[in-house]
Amino acid sequence: MDSIHFGTDGWRAIIGQDFNYRSAARVADAVARVFREDNPCVELDEADGSGNMIDSASLTFAKKPNTVLIGYDTRKDAGRYAALVATIIASYGFDVQVSRTYCPTPALCWSVSVNPAAVGGLMLTSSHNPAEYLGIKVRMIDGGAAPSEFTDRIETALHDELPQTISAAVDAFDNAINGTGDRPADTSAFTFNFHYADLMSPYLDTLLSAVDSELIARAGLRVVVDPLFGAGRRYLLQVLTHLGVEVEEIHATEDPTFDGLHPEPIPPWIDGGVVKVKELGYDACFITDGDADRVAAIDDQGNFVSPQRILTLLIA
Numbered sequence: 300m301d302s303i304h305f306g307t308d309g310w311r312a313i314i315g316q317d318f319n320y321r322s323a324a325r326v327a328d329a330v331a332r333v334f335r336e337d338n339p340c341v342e343l344d345e346a347d348g349s350g351n352m353i354d355s356a357s358l359t360f361a362k363k364p365n366t367v368l369i370g371y372d373t374r375k376d377a378g379r380y381a382a383l384v385a386t387i388i389a390s391y392g393f394d395v396q397v398s399r400t401y402c403p404t405p406a407l408c409w410s411v412s413v414n415p416a417a418v419g420g421l422m423l424t425s426s427h428n429p430a431e432y433l434g435i436k437v438r439m440i441d442g443g444a445a446p447s448e449f450t451d452r453i454e455t456a457l458h459d460e461l462p463q464t465i466s467a468a469v470d471a472f473d474n475a476i477n478g479t480g481d482r483p484a485d486t487s488a489f490t491f492n493f494h495y496a497d498l499m500s501p502y503l504d505t506l507l508s509a510v511d512s513e514l515i516a517r518a519g520l521r522v523v524v525d526p527l528f529g530a531g532r533r534y535l536l537q538v539l540t541h542l543g544v545e546v547e548e549i550h551a552t553e554d555p556t557f558d559g560l561h562p563e564p565i566p567p568w569i570d571g572g573v574v575k576v577k578e579l580g581y582d583a584c585f586i587t588d589g590d591a592d593r594v595a596a597i598d599d600q601g602n603f604v605s606p607q608r609i610l611t612l613l614i615a
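Residue 351 in this note's numbering sits at position 52 of the sequence shown, with consecutive numbering throughout.
Calculated directly from the structure, the hints in this document are not laboratory data.
For every residue, glycine included, the Cβ atom is placed at its ideal position computed from N, Cα and C.
One thing to keep in mind: the hints can contain errors.
What the hints assert, rightly or not - Beta-carbon label-pair distances, calculated as ranges:
| no. | residue 1 | residue 2 | range |
| --- | --- | --- | --- |
| 1 | 460 | 566 | 44 to 52 Å |
| 2 | 315 | 600 | 41 to 49 Å |
| 3 | 545 | 470 | 45 to 53 Å |
| 4 | 452 | 513 | 42 to 50 Å |
| 5 | 519 | 339 | 15 to 23 Å |
| 6 | 474 | 452 | 26 to 34 Å |
| 7 | 554 | 441 | 20 to 28 Å |
| 8 | 555 | 579 | 24 to 32 Å |
| 9 | 463 | 615 | 47 to 55 Å |
Start from the sequences, fold in the hints, and give me the full structure.
Printed below as a string of structure tokens:
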């Protein structure tokens with residue numbers, strides 16, 4: 300069986316090698332069982348008691364948090380793996396909601412934190428790793444990363460055998476899509492045991508409500524946005540344009556290979572932004588990583604501002 304170990308922020312591996320439907324299914328099954336141990340709001344029929352592949356007719360739901368939210372980035376088959384994972388988790392009686400479109404990790408975290416019914420979430424991403432990688436991040440009830448104590452329990456809960464729902468999960472994988480703004484995922488072509496939900500609109504509305512839009516509009520800013528083909532694609536452009544900023548977006552086409560770029564906002568992967576800022580004479584460039592939970596910048600002279608320095612400036 301594939302070796303699975305959680306690092307500082309999840310588990311990740313090369314797609315088609317150690318990251319495949321078997322390993323993703325085993326992780327989903329283990330996460331579901333740990334979530335269920337901590338949230339025993341479903342009473343199983345006494346004749347079963349296994350906690351796996353329970354017919355919904357034998358479940359009694361109490362009025363407690365019972366929702367798991369799932370997001371995914373722009374990597375190859377990320378949205379399809381999200382459907383596979385969702386199918387397995389839903390078999391434990393959870394109300395599972397999957398993002399209709401690819402989304403940044405912060406959007407998933409925020410969605411979990413503001414949903415009183417949520418017990419946690421999962422993000423299908425490999426963050427700043429090259430395009431051939433995919434992984435799973437686990438988020439707790441507050442939207443924060445799972446502590447090592449929790450991921451240790453997930454590793455302990457891993458079974459060598461595949462969950463009984465694997466056939467249904469693979470069917471979901473085969474019929475799902477990577478949802479985009481132009482083509483959001485839905486249930487029109489296949490009956491899933493989970494729901495698709497719009498996680499992005501409420502998140503973007505909240506972001507816009509948190510800033511002084513008039514002040515930003517008066518500044519007359521012109522910026523380049525470089526999502527490095529990742530989950531920040533289109534969204535940062537949308538927010539800044541709404542705020543009256545003139546925006547040029549690069550590396551924003553639908554390309555699961557990332558055109559050979561590593562989606563990490565550090566040199567040399569920021570070079571395209573440096574070139575574009577100087578070419579256009581714009582004020583700055585903002586670069587996000589693969590799941591858009593980090594941002595770096597380039598000033599009008601082409602100087603690099605690291606994600607760590609940006610955080611310091613925001614706190615100051």
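**Prompt:** When you take the CB atoms of residue 460 and residue 566, is the distance between them in 44 to 52 Å?
**Reply:** Given range 44 to 52 Å: holds, Cβ gap about 46 Å.
**Asked** Does the Cβ distance between residue 315 and residue 600 fall inside 41 to 49 Å?
**Response** Holds, at about 43 Å.
**Message:** Looking only at beta-carbon atoms, does the pair residue 452, residue 513 fall within the given range of 42 to 50 Å?
**Reply:** holds (48 Å)
**Range hint 20 to 28 Å (beta carbons of residue 554 and residue 441) holds or violated** = Check failed, 34 Å falls outside 20 to 28 Å.
**Prompt:** How does the Cβ-Cβ distance of residue 545 and residue 470 compare with 45 to 53 Å: does it lie in that range?
**Reply:** holds (46 Å)
**Prompt:** Lying within 26 to 34 Å: is that true of the beta-carbon distance residue 474 to residue 452?
**Reply:** Once the Cβ atoms are compared, 32 Å apart, the range 26 to 34 Å for residue 452 and residue 474 holds.
**Prompt:** Between residue 555 and residue 579, is the Cβ distance one that fits in 24 to 32 Å?
**Reply:** The hinted range 24 to 32 Å holds for residue 555 and residue 579, with Cβ atoms some 28 Å apart.
**Message:** Taking the Cβ atom of residue 519 and the Cβ atom of residue 339, is their distance within the range 15 to 23 Å?
**Reply:** About 56 Å separates the Cβ atoms of residue 519 and residue 339, which means 15 to 23 Å is violated.
**Request:** Indicate whether the distance between the beta carbons of residue 463 and residue 615 respects the range 47 to 55 Å.
**Result:** holds (54 Å)
In terms of the numbered hints stated before, the structure departs from hints 5 and 7, listed from lowest to highest.
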